[in-house]
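Asker: The chain contents come next:
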Amino acid sequence: DGGITQSPKYLFRKEGQNVTLSCEQNLNHDAMYWYRQDPGQGLRLIYYSQIVNDFQKGDIAEGYSVSREKKESFPLTVTSAQKNPTAFYLCATTGPLAGYNEQFFGPGTRLTVL
Amino acid sequence: KNEVEQSPQNLTAQEGEFITINCSYSVGISALHWLQQHPGGGIVSLFMLSSGKKKHGRLIATINIQEKHSSLHITASHPRDSAVYICAVSKGGSRLTFGEGTQLTVNP
Numbered sequence: 001d002g003g004i005t006q007s008p009k010y011l012f013r014k015e016g017q018n019v020t021l022s023c024e025q026n027l028n029h030d031a032m033y034w035y036r037q038d039p040g041q042g043l044r045l046i047y048y049s050q051i052v053n054d055f056q057k058g059d060i061a062e063g064y065s066v067s068r069e070k071k072e073s074f075p076l077t078v079t080s081a082q083k084n085p086t087a088f089y090l091c092a093t094t095g096p097l098a099g100y101n102e103q104f105f106g107p108g109t110r111l112t113v114l
Numbered sequence: 001k002n003e004v005e006q007s008p009q010n011l012t013a014q015e016g017e018f019i020t021i022n023c024s025y026s027v028g029i030s031a032l033h034w035l036q037q038h039p040g041g042g043i044v045s046l047f048m049l050s051s052g053k054k055k056h057g058r059l060i061a062t063i064n065i066q067e068k069h070s071s072l073h074i075t076a077s078h079p080r081d082s083a084v085y086i087c088a089v090s091k092g093g094s095r096l097t098f099g100e101g102t103q104l105t106v107n108p
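Those protein sequence lines, which keep their order, are chains Z and L. Okay, so the first sequence: first residue is 1 according to the working numbering, each after it adds one. Okay, so the second sequence: first residue is 1 according to the working numbering, each after it adds one.
In short, the hints are calculated from the structure, not lab data. Quick reminder that beta carbons are idealized off the backbone N, C-alpha and C, glycines included. Mixed in with the good hints there might be a few duds.
To be verified - Simulated crosslink set (SDA-like; lysine to any residue; CA at most 20 Å straight-line):
| no. | chain 1 | residue 1 | chain 2 | residue 2 |
| --- | --- | --- | --- | --- |
| 1 | Z | K9 | L | P39 |
| 2 | Z | K9 | L | G42 |
| 3 | L | K91 | Z | L45 |
| 4 | Z | K83 | Z | V52 |
Stated by the list, open to error - Quick list of simulated restraints, FRET-style, between CB atoms:
| no. | chain 1 | residue 1 | chain 2 | residue 2 | range |
| --- | --- | --- | --- | --- | --- |
| 5 | L | N107 | Z | V52 | 30 to 36 Å |
| 6 | Z | T77 | L | N10 | 30 to 36 Å |
| 7 | Z | S22 | L | G52 | 26 to 32 Å |
| 8 | L | G16 | Z | K9 | 32 to 38 Å |
| 9 | Z | N26 | L | E3 | 50 to 56 Å |
Start from the sequences and build out the full structure, keeping to the hints where you can.
Answerer: Laid out in structure tokens, this is it:
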């Protein structure tokens with residue numbers, strides 16, 4: 001069935017380790033986004049990609065990296081340079097049928113740094 | 001100051017009450033979105049509007065472009081409406097700017 005999958009749902013990592021969060025979609029959407037959500041704050045944009053092999057930094061890109069080798073996939077790597085990585089991470093997509101206005105969200109990954 | 005402000009931050013209601021959540025924004029927008037986030041974390045889009053009013057079931061969203069203000073109303077609230085409601089704006093292009101969200105709790 002169609003949609004956006006993020007895995008894993010919960011992720012624990014030790015300080016100093018890099019970790020990669022998965023985001024896969026079968027909606028045939030061109031644009032994909034990574035957001036970070038912290039308690040009491042709005043969603044903040046980390047990176048986004050509007051087309052394969054191209055991506056742009058969002059508002060809080062430091063300490064994160066992404067790749068967009070396939071239309072369906074937009075993995076996010078949280079590097080050891082990210083000072084406060086514990087947060088809820090959401091992936092979203094949009095496409096031409098949504099007018100590139102409405103975004104569709106995955107279920108999220110909750111990352112905890114121990 | 002955030003470009004998108006929501007009020008209240010927290011709202012507790014009794015089942016059956018009429019609920020209003022407000023959103024003000026300070027920038028030019030192409031559309032305003034209301035989103036719902038359930039306790040598990042998943043987010044669904046409720047409304048996208050650029051003028052006037054939209055209704056879906058017990059939910060009504062209005063927007064006043066001149067006043068840069070939108071409201072989300074829930075009629076005959078139910079405990080299953082308990083969630084975080086998020087206002088977001090499009091400023092042109094596909095990027096969204098989000099408010100901090102309103103935590104709604106509806107007690108039976």
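Asker: What are the numbers of the hints that this structure violates, sorted from low to high?
Answerer: 4, 5, 7, 9
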